[in-house]
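Here the protein sequences line up with chains A and B, keeping their order. Throughout, our numbering is defined as the position within the first sequence, counted from one, plus 31. Throughout, our numbering is defined as the position within the second sequence, counted from one, plus 1.
No wet-lab data here; the hints were simulated from the structure. Some hints here could point you the wrong way.
[What the hints assert, rightly or not] Heads up, simulated PhoX-like pairs for lysine-lysine below, C-alpha to C-alpha not over 25 Å straight-line:
| no. | chain 1 | residue 1 | chain 2 | residue 2 |
| --- | --- | --- | --- | --- |
| 1 | B | Lys-127 | A | Lys-80 |
| 2 | B | Lys-129 | B | Lys-200 |
| 3 | B | Lys-200 | B | Lys-190 |
| 4 | B | Lys-200 | B | Lys-315 |
| 5 | B | Lys-129 | B | Lys-116 |
| 6 | B | Lys-200 | A | Lys-80 |
Since the structure is predicted, the reported quantities are computational estimates derived from the model, not experimental observations.
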Amino acid sequence: MLAIAIGIILGCCALGAGIAMIAGIGPGIGEGNAVAKACEAIGRQPESKSAVTSTMIMGCAIAETTGLYALIIAILLIFVAPSIMVGVLTSAVPAAILL
Amino acid sequence: MKAWKEGMSKLSDAVITQEKECVKINRGKKFLALDILYIAMMVLPIVTAITLKVLFTPASKGVTITGPLVYFRIPFIIQDFIITESQINSALVIITILGICLYLTHGLSIDPTLKRQHIAEIIVEKAKGLVSGNMGEAFGAFTSFIMAIMALSACSSLLSLFGLFPPTSDMNVVAGWSILVFGIITYYKLKCGPANYLKGFTEPVAILTPINIIGEFATPISMAFRHYGNVLSGVVVSVLVGSALQGLSAMLLSWAPAFIAGIPIFQIGIPAVLSVYFDLFSGLLQAFIFAMLTMLYVSGAFDPEGYLEYKRKKQEKKMKKQKIKNAK
Numbered sequence: 032m033l034a035i036a037i038g039i040i041l042g043c044c045a046l047g048a049g050i051a052m053i054a055g056i057g058p059g060i061g062e063g064n065a066v067a068k069a070c071e072a073i074g075r076q077p078e079s080k081s082a083v084t085s086t087m088i089m090g091c092a093i094a095e096t097t098g099l100y101a102l103i104i105a106i107l108l109i110f111v112a113p114s115i116m117v118g119v120l121t122s123a124v125p126a127a128i129l130l
Numbered sequence: 002m003k004a005w006k007e008g009m010s011k012l013s014d015a016v017i018t019q020e021k022e023c024v025k026i027n028r029g030k031k032f033l034a035l036d037i038l039y040i041a042m043m044v045l046p047i048v049t050a051i052t053l054k055v056l057f058t059p060a061s062k063g064v065t066i067t068g069p070l071v072y073f074r075i076p077f078i079i080q081d082f083i084i085t086e087s088q089i090n091s092a093l094v095i096i097t098i099l100g101i102c103l104y105l106t107h108g109l110s111i112d113p114t115l116k117r118q119h120i121a122e123i124i125v126e127k128a129k130g131l132v133s134g135n136m137g138e139a140f141g142a143f144t145s146f147i148m149a150i151m152a153l154s155a156c157s158s159l160l161s162l163f164g165l166f167p168p169t170s171d172m173n174v175v176a177g178w179s180i181l182v183f184g185i186i187t188y189y190k191l192k193c194g195p196a197n198y199l200k201g202f203t204e205p206v207a208i209l210t211p212i213n214i215i216g217e218f219a220t221p222i223s224m225a226f227r228h229y230g231n232v233l234s235g236v237v238v239s240v241l242v243g244s245a246l247q248g249l250s251a252m253l254l255s256w257a258p259a260f261i262a263g264i265p266i267f268q269i270g271i272p273a274v275l276s277v278y279f280d281l282f283s284g285l286l287q288a289f290i291f292a293m294l295t296m297l298y299v300s301g302a303f304d305p306e307g308y309l310e311y312k313r314k315k316q317e318k319k320m321k322k323q324k325i326k327n328a329k
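Bound conformation, chain A alone (with noise of 0.2 Å):
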């Protein structure tokens, strides 16, 4: 029974870990448009290459972070949250009733 719960916590950790990375496909895509207007831009001005360059970095930077905010979501769920859950359980539950 123990087995069992552990593994559903661990199995649910992981799902989710997983599903929160999702949001990784919205920096993606911003990102990706990001960087094709600024291939437009110097395409169009090739003097202004430096300043669209680092603009553009910038920008993709601080597009980035909500994929960020999901991927420490993840991180947190795949090495912090197990043992937190499984001790939760074990202190919870007498041990009684899952054996």
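Mind docking chain B on chain A? Use the hints.
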């Protein structure tokens, strides 16, 4: 006569070059001891950090991703005061940066003969240009603060090149910086008067007040998470790729005798490519972005017109009070 002139000019040239060399030698001798001291100040902290890491790392097999190692525990009344790797490493980074600054700026002269003075001048000029370009001339005094945060962040992230724990991949360090920045932002918002500051939350509609308050606190949180998440993701991805390559090379060489099978063929060189992106590029970029956002938020928080109006109103009130006093 001509020959004599040529000879004299050659002689004088020789004298001048000798004098210059003498000056150079003198300068070299004068600053040799200080040079060694400052270079030691740059190198020794990193050596200390590596030594501490080697001494305190527990023996373990396999790949683990953990937080910072706990170096010392100081007993305290409520809770033990824990000194971790990130605190020690960031303190050592501060010493290193101090050493670099002192090395670059000692022995300055009006006609620069030293290479390092040129480097220092370039850095200072670029920093001043960056800050006054983004924040305006009025905020020129912020140059040292912004550059301090930038240098600290960049050097902390670059520590992972030495195999050390980068302090920026600890949430607490970055959160400390962003709370500091939040304090400065609030200070500049309060310059227009506390009433105006509180009124700013109810704009544009009074119903949006809770969202505005959440947005106010989202600034430091997002700044901290952005920096910390980028560095941490680099650490995690490099460790995962390293362990995968280790497994791959062990699988390929499993038929061989033990001394050949122990060679990690895939781990040579391939993780270095990742390191160039995650440690060098990402670390430096995050430092730049943290400094950039600090500049934008701080200069955006200050409203010069509102400040002037607040001052004028304050003075009018004072004048009125004085008039009443004088009448009495």
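Which hints, by number, does the structure contradict?
-> The structure conflicts with hints 2, 6, although it agrees with all the remaining ones.
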